[in-house]
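Those protein sequence lines, which keep their order, are chains A and B. My numbering applies: residue 1 is where the first sequence begins, and numbers increase by one. My numbering applies: residue 1 is where the second sequence begins, and numbers increase by one.
Check each hint, because a few of them may be wrong.
[Stated by the list, open to error] Simulated crosslink set (SDA-like; lysine to any residue; CA at most 25 Å straight-line):
1) B:K239 with A:A153
2) B:K225 with A:I6
3) B:K162 with A:N19
4) A:K78 with B:V164
5) A:K3 with B:K160
6) B:K160 with A:E201
7) A:K53 with A:K198
Worth flagging that the hints you see were computed from the coordinates, not collected in a lab.
Below are the chains, spelled out letter by letter.
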Amino acid sequence: MIKQDITQYKNVWVFIEHNEGKIERVSLELLSKGAELAKDLGCEVCAFTVGDKVEQFAKEVGEYGAKKFYIIENPVLKEYRTEPWRDAIVYLIDKYKPEVALIGATTLGRDLAGTVATKLSAGLTADTTALDIDPSNKNLLMTRPTFGGNLMATIFCPDNRPQMSTVRPGVFKAVKNPTKPEIIKEKYDITEDKIVKKIIEKVQTGEEKVNLSFYEVIVAGGKGMGKKENLKLLEDLANVLGGTWAVSRKVVQAGWAPQSRQVGQTGQTVHPKIYIAAGISGAVQHVAGMKSSDIIIAINTDPEAPIFEVATYGIVGDCLQVLPKMTEMFKQKLVK
Amino acid sequence: MHSLVFIKQVPDAAQVRVDYETGTLIREGVPAIINPFDTHAIEAAVQIKDKFGGSVSVLCMGPPMADEALKKALAMGADNVFLLSDRVFAGSDTLATSYALWAGAQKVIQEVGPVDIFWAGKQAIDGDTAQTGPGIATRFDVPLVTYAVEIKEVDPQARKIKIVRLLEGGTETVEVPMPCLITTEETLNHIRFAPLPYLIKAARTPVVLLNSSNTTIDASQCGLKNSPTKVKKAFTPPKRERGEMIEGSLDEIVNTVYAKIEPMLKQLGKV
Ligand SMILES: Cc1cc2nc3c(=O)[nH]c(=O)nc-3n(C[C@H](O)[C@H](O)[C@H](O)COP(=O)(O)OP(=O)(O)OC[C@H]3O[C@@H](n4cnc5c(N)ncnc54)[C@H](O)[C@@H]3O)c2cc1C
Ligand SMILES: Nc1ncnc2c1ncn2[C@@H]1O[C@H](COP(=O)(O)O)[C@@H](O)[C@H]1O
Chain A
1 MIKQDITQYK
11 NVWVFIEHNE
21 GKIERVSLEL
31 LSKGAELAKD
41 LGCEVCAFTV
51 GDKVEQFAKE
61 VGEYGAKKFY
71 IIENPVLKEY
81 RTEPWRDAIV
91 YLIDKYKPEV
101 ALIGATTLGR
111 DLAGTVATKL
121 SAGLTADTTA
131 LDIDPSNKNL
141 LMTRPTFGGN
151 LMATIFCPDN
161 RPQMSTVRPG
171 VFKAVKNPTK
181 PEIIKEKYDI
191 TEDKIVKKII
201 EKVQTGEEKV
211 NLSFYEVIVA
221 GGKGMGKKEN
231 LKLLEDLANV
241 LGGTWAVSRK
251 VVQAGWAPQS
261 RQVGQTGQTV
271 HPKIYIAAGI
281 SGAVQHVAGM
291 KSSDIIIAIN
301 TDPEAPIFEV
311 ATYGIVGDCL
321 QVLPKMTEMF
331 KQKLVK
Chain B
1 MHSLVFIKQV
11 PDAAQVRVDY
21 ETGTLIREGV
31 PAIINPFDTH
41 AIEAAVQIKD
51 KFGGSVSVLC
61 MGPPMADEAL
71 KKALAMGADN
81 VFLLSDRVFA
91 GSDTLATSYA
101 LWAGAQKVIQ
111 EVGPVDIFWA
121 GKQAIDGDTA
131 QTGPGIATRF
141 DVPLVTYAVE
151 IKEVDPQARK
161 IKIVRLLEGG
171 TETVEVPMPC
181 LITTEETLNH
191 IRFAPLPYLI
201 KAARTPVVLL
211 NSSNTTIDAS
221 QCGLKNSPTK
231 VKKAFTPPKR
241 ERGEMIEGSL
251 DEIVNTVYAK
261 IEPMLKQLGK
271 V
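In isolation and in its complexed conformation, chain A is listed as follows:
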C-alpha cells in the first residue's frame, strides 16, 4: 500500500444526491451529521455534487449547514451514469482533498461509492449506522451492522484519506442550520461520445417513494396478514395513529406491496417511537431494520415467534382480529 501524506486532507464532504431536480433526503441528513463531525475535527462541512444544473441546490445545502459547495456542471452529466460521475467526482476529491467523504447508502450511492473509492485507493465502509471521531487521533470511527445485524463492527481507516463511508437513509436527523455556502465551480470536460453507457429508458414504478423513516408510528404487517386485501387493516390503524404502514420482505415477494414499503436489512431502517409488527415472525433480517424502535408491539399467533424476543409488548393472537379492534378503540380515544 502506498503511504499517503494524510495531513494534506481537510474538511468533511457530503455528496449531494439528486434526482429530477430534487435533493435526496439522506444527503441533508448527512450534512447535519457532517457538521457535528466537522466540529469535533475543527474543520468545515462541505457539500459536493455533479450534474447538469446543480448550482440551484446551493440554497438548500446552505440551509442544512454546508459552508462550501463544490460542483461540476456539464449537460452530459444530467442523468446518473456511474463512470462519468465517478470521474468528475474523483477529479474534485483529488483536487480539494477532503479528509472525510460521506455518501448516502441508496441504490445510486452504493453504485457510486465503490467505484470512486477504488479509483482513489481509499478505504470505504458500507452502510454505516454510527459515525464518531476518535478523540485520541481524530480518526473517523464508522460502526456498521454485519451478518444481518447480528454483529456490529467499528471500522477505521488510519493511513488513507479520504475516509469514505456510505450511510443508511434515516439513521441521522436532518436539522436546519442556515449558512450561505461559498460556491466552488470546477470545469470538467467530457463529451457524450466518450461515454460508452447509454440510458435507453427509465421507468418510474408509479408507486410513490415512501420514506418510512419520516414517521413516528409504523404499523407493519408480515406474511401472517394472509392476503393482499388485508393490508388495508395496517393502513386503517396507521391512519388513526397518524403514522404509516410497512411490510416484511415476504409480503413484497408475494407481490402484495411494493419494495418501497419493506423494512429490514434489504429494505429500510426505521426507528419510530411505536412499531407494531403484525403477523411478522421476526427473522434477523427484518429485526435488523426495526429493533431500535422505542416501543415494539408484536401480534403473532405463535407464542414462540422470535419477534416476541424484541417486543416491548407481546400479544399472542390473530392480527386480523387485533388490528381492527385497535383501530376501533384507538379511534375513540384519539379523536376527541
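Given chain A, work out where chain B with the ligands should sit, using these hints.
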C-alpha cells in the same frame, strides 16, 4: 461468449445466532452456501451460454473448503472453476479483495480466454457491502451495471448488451459494450434444476487452485496489512429485553396496550 462469475462462500446468515454470553456469533452447524445473489449470477451466465454458446468460468477467493461452492457452480453449469486461496489474502477489505480478484481473473483470462461479461452478486450476505463488484469493474476499467433484474438483449456481433437495472422507485434500461461487469438481484432469474449432463461433467471437472505463487498477484496489495480499512472492534448489539406479554380477552388486551402507550402518544401530541 465467455462469462466470468465471482462467487463468495458465506455462512447462511439466516441461521447464524448470537451467543449473548460471550458476545460472539455461533457458527457451529451453520452451513456454508454460495452467496445467494451469486447463484443468480451463475444462472444468468449459464443461460447466456446455453443461448449463444461459449463458456462460463467461476472464480472464488476463500479458504480451501470453498471448493465446495465451486463444485456446486459446476453442477449449475459452469465449465471452469478456480479457487484463489492463500494466507496472504487473509483479512482483506473490499479494496484488497477487488485487487486480488482482479489479479486472479488475469490468470483465468490467460487460461480460458478474454471475458465478455464479468458477473458478481449485488452484495454478499455476510458483509453486505456491495462494494466488491464495483471495485472489480473499476480495476478492469469496464462499464458497471449494478442491480440487474433483466438481461434484455445480448448482441454478440455488435458486442453490446442491454440490461434492466433497479433504481430507487423504478427501473432503467441501459446499453453497454462488452466487456462489462453486471451485479445481480435475486429477481434476475429462477435457478433451474441442474440437468444431468452438467452433473456428470461437474463430477469430472477439477477445481483449479490459484495462489500468490502461480499468479502475478502482488502480495503487497493484499491482506489485512494492506487494507486501508481496519476493524477496531466487533461487538454484538445490546440485546433488547424480552418485554411483557399482554393477556386477556380481546377488549382487555387492546385496552391494556392503549394504557401502556398512552404516555408516548401524549408525548407525540396525538392525544
Ligand atoms: C439476504 C436476505 C435479506 C433479507 N432481507 C429482509 C428484509 O430486509 N426484511 C424482511 O422483512 N425480511 C428479509 N429477509 C427475509 C427474512 O429472512 C424472512 O423470511 C422474512 O422477514 C419473513 O417474513 P414474515 O415474518 O412476514 O413471514 P413468515 O416468516 O412466514 O412469518 C409469518 C408469521 O406470521 C404469523 N402468523 C400467521 N398467521 C397469523 C395471524 N393470523 N395473526 C398473527 N400472526 C400470524 C406466523 O406465526 C409467523 O410468525 C431477508 C432474507 C435474506 C436471506
Ligand atoms: N472472496 C470473494 N470471492 C469471489 N467473489 C467475491 C468475494 N467477495 C465478494 N465477491 C463478489 O462480490 C460480490 C459483492 O460482495 P460484497 O462487496 O462483499 O458485498 C459478491 O456477491 C461476489 O460476487
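Structure-inconsistent hints, enumerated in ascending order: The structure breaks only hint 5.
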